[in-house]
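Residue numbers (this note's numbering), protein chains in the order written: chain D, 1 to 616; chain Y, 1 to 505.
Source of the hints: derived by calculation from the structure; they are not laboratory data. Fair warning: there could be bad hints in the mix.
Said to hold, decoys possible - Simulated restraints, written as ranges between beta carbons of each label pair:
#: 1; chain 1: D; residue 1: K493; chain 2: Y; residue 2: P472; range: 45 to 55 Å
#: 2; chain 1: D; residue 1: S89; chain 2: Y; residue 2: L487; range: 35 to 45 Å
#: 3; chain 1: Y; residue 1: L175; chain 2: D; residue 2: D28; range: 35 to 45 Å
#: 4; chain 1: Y; residue 1: I357; chain 2: D; residue 2: A612; range: 38 to 48 Å
Positions of the beta carbon are idealized from the N, C-alpha and C atoms, including for glycine.
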Amino acid sequence: MKKRILAALLCAAMMLTATGCNVKTKDDVTGGSTSSSETTSESTTASGDKVTIKLLTTSANETDANVIRDQLTKAGFNVELNMQPDYSSSQAQEAAGNFDIEISGWTTVTGNPDYAVKSLFKTGGDYNKSPVADSEIDALIEQAGTETPEEYVSTYAEFEKKLVEENAYIVPLYTSYKAQAVNTTVLVPESVHISKSRSMKWEDIEFVDSSKNETDPLLLTQTLSTLTSLDPIKGNDGSINMLNTNMYVRLVNLTDDDQITSEDSLSYNHAIAEGNQEYYFILRDDVNFAKVENKQAVDSGEMVGAEDVVFSLERAKDSNSVPEHRTYTLHESMDTIEIVTDLAALDAQKVSGSDTTVRAALEEGLATPISELVADKTAVDNAAGKYQVVKVTTKEPFPQVLNYLAHQSAGVVSKNQVESINTWDVATYDRNTDIGYGDQSVVTEGSTYDNHLMASGPYILLYKNDYEVVFQANPAYMPGTDSAPRIKNITVKFIADNDAALSALRSGEVHCLYSVPETKYDTVESDPNLQLTKIEANSVSYMIFNLREGSQMNNVTLRKAVLAAINQEDLIAVHAGQKLPAYSTLSPLVDTGNKLVYEEGKAQELLAQYQAEIAG
Amino acid sequence: MNNNSNASYLKRERKRKLSRFTEYKSATFATGITFAIFLVILFGAFDFATQSFNMGTVSASLIYLVSTVIQALLTFKIKSDILKKGEVSSATRKLGFIMLLFVLTANIFIAIAAFNLIKKDKGIEYNLAIYSVLTSFTVMMISLLNLFKEYVANTFMLGMGVLAGLTIFYAVVMLLIHKFVHGKNVDKHMKPIGYLLIVSAISGNVFALLLGLVIITKIKHAGDEISVEWIEVLRRLFRNNMAIIGMFVVTVLLSISLCSYLTFDYSIATDNNYSALLLEPSLEYPFGTDDYGRCVFTRIVFGARISLAVGIATTVVPIIIGGVLGAISGFYGGKSDNIIMRLLDVLYAVPGILLAIAIVAAFGTSTFNLIMALSIGSIPTYARTVRASVLGLANSEFVEAAKACGAKDHIIIFKHIIPNSLAPIIVRATLSIGGAVLSTSSLSYLGLGVEPHVPEWGNILKAGSTYLETNPYLAIYPGLAIILLVLAFNYMGDGLRDALDPKLK
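With the rest of the complex left out, here is chain D (with noise of 0.2 Å):
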């Protein structure tokens, strides 16, 4: 009995060995070329005279991180991943210079393609972190910012290949999506609107059941709870973004696909003169200033009127006008801001590329035609044909000019409110004691509230703590009109992660998230309260190289390796499907026709060329 137990192990065991026979090993598969991961995972001593790249990142970026440390080390390289907790961290780390490659983000808030080149790769630009100082590149964006949109497309084509095929300055990784989900049982879904490069337009949103406008809030969500500041100039990021936007009206707006309109801002119509310098807008006079009593938002009788324009562009453009500016190189271009009372010239003047005159173009559309422009705004009157209007002259022809004053930090704030605030000298200004317009200690609950905000837009601020911030329709603002707000009150819940924020849409505790992360796609579409919708965004993830002196990215081949061994695909592919490709921060911007195509083995071939280079 037990040899036979014995005899039936071994003919297992034999037949385990036969039909290992038939097995492929790894040499079989992948040619007998030892694995580079295997080696460099498992001990960085043994790299030996592989090229080492670090690669900072923030944990917020870990799938970007993880599929390009992937890649990297299958062309041939040793990555050091420095992965960073938080933004701030990542920034020291950056600004030490101890990093090779960094992965980076851009968002073009104001939709327009000057925006999106000119601080990141111009030399001596705000954001160009590597720094990238190229003479010839340089000059391609002033003559792009120059020209009309037609005439951009081949300059920024050009552009673009300098800037990646030539120099390998950055490696583009995709472009994302924006995707916003709404409880369709309690908002009306066409009314949310999700636009390109606008943030969230409040005014619109409308209860399915609409006598609840008046008693219920809507309830939405924001990631950062600390408020950079609510005086539209001093801030520019997610915190305030959506906040100011609704809270100052602007001169002009951007559409949900990014043209310039006039809908829904403070003024009629708008033209460009001849020359694409100069810019007219005619102003409503439905719009007062609102303000908070008794945490309640109330008319002020203050008409916002050109005054009001001239003062919050001038304050906009002067980098001296507060401490603290965050946005005066938006808006660095305008020459002269002023109001228009000679009527004569408006006649003069014609629309560039037409035959129409300035005057004809403001004047379209409206109730009763212009018969006096007055400088005063307490003089005007829409109905007897009293008019302001504003002229922008730029320093040099940049219709582009327009997509910065349609951004939020171009809103339209009370001269004599902000005059009454800010008595300060701003060059002594000491942030521990004067407290400026907007700062966010005056409006939060406690001891030191005491809300001096004058909103020009649809809504008001009314108070903020730690959890939520809370709005309530200006009462004022284009009453009777479309662009009225139909809900009374909003309230904005202050949610840190993501996850948690979705969880709280299928929960019925907010009624939209503005932004679904894109794992979440699947979650959010078999919900059937839900409704997903995402357009292309204007936000491009890529990598920016170290170019500071004495750092090994300043040869052009090693980069050219490290761009040729990322596969958007494969990336994408990661994200589930749901990124786009992308050549460039322009990519979602202007069709340039550049395409990025991976191919297999370039990287090391580069590599192999570039370690010749430095032997030899």
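Following the hints, position chain Y against chain D.
Relative to the frame of chain D, chain Y by itself:
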């Protein structure tokens, strides 16, 4: 009334009779567990989304249902044998050989019951041999799953050959034990076998190691009247089913994490495969693939290595440091005791996981820092345990005697006191390894453990948690692995505590 109490007496008597036979105990245990596995698989076969059954999984569960029925019939046979004849008949024992075949359905419980049934007088050696065979067989079976992959590691055939050889070797040892080992008498010729068994323990097979040690110790002590203490402990341990299953699980995991050097390919666990993202479990990818196309099964196998290594290291390091500190303060008492223990009290006041997070945050994430961070927090507990037992021993007669002989302090501490105070430490250590594994995983889950691409269980679980709704298996399997290992260590620790309990001697 009288009749009734008589019936209950008979019932108790029958129970007592039956419980004397390990054959019956292990048979009922195997029946119950097999039925439970059947239920679990059947539950897994039901698709809640479509309200239907997955036929493939249902047929797999049916195999277990059939096994349950057969095993139940056999159990009934054993029971009637015992009650009628007072022993298990040899015909019934022969049935055990047939039941062994159930090992092919991956049912090790029936196999254990069958091994128990086949042999009448089961010494500790026979039991150890059973588990040695089962361990290497299970590891071999798990490694065999690699055959379904696109390719296997270069050393796969070598590894499988070694495993098959070991399995056969252990089976042969089992036969030799049957022939040459009778109670305390072990044939001298078994000595080389004993050494071979110890060498074979490189494969991580703890049972083989113990078996080798038992054989050699018994040969050494041949003719002694008193039985060796630790073999007695082992014997008591083997009476506890759950403890042995726990030890088996730990041994299998240990063994597979060592054998994976030969049979598993590390690149499958770490290299992304963009053409195989988020696949459902299949034969090629038994636990599916994660969002980077990496095989979750392979990752869990490699993760076992890290979890066990970190778990054991974070237990050994504080034992050494805490043990020495505790021994010194317990032996000398007075001021040194006060200083050491008060300092440790300060450390004790800081929550362990917070301390670990602080250390990792300060020194950066690496395996070494992780081990240090988790170790420091548990030094005081070990110091206290050792101090308590040293305090008890410091005044005992044999220490007095050693002192009277003029032995130096450090010799007394390390040669006389520490070996005698090991028992509580061993128990505490086994129980806390589970906790250490959990802490490692928790830190990795929080992104503070090892690098994200390293296959550590907490990391794998973290990657899966994003897909809890769409691809739940990505989180379930690493979760189960963690539960299994922690439970196994805890049951083993419980068993050890009982086995080491002096009251039970």
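Against the structure, the hints:
1. K493/D - P472/Y: 45 to 55 Å: violated, 28 Å
2. S89/D - L487/Y: 35 to 45 Å: Holds, at about 38 Å.
3. L175/Y - D28/D: 35 to 45 Å: holds, 38 Å
4. I357/Y - A612/D: 38 to 48 Å: holds, 47 Å
In the structure shown, a violation is registered for the earlier hint numbered 1 alone.
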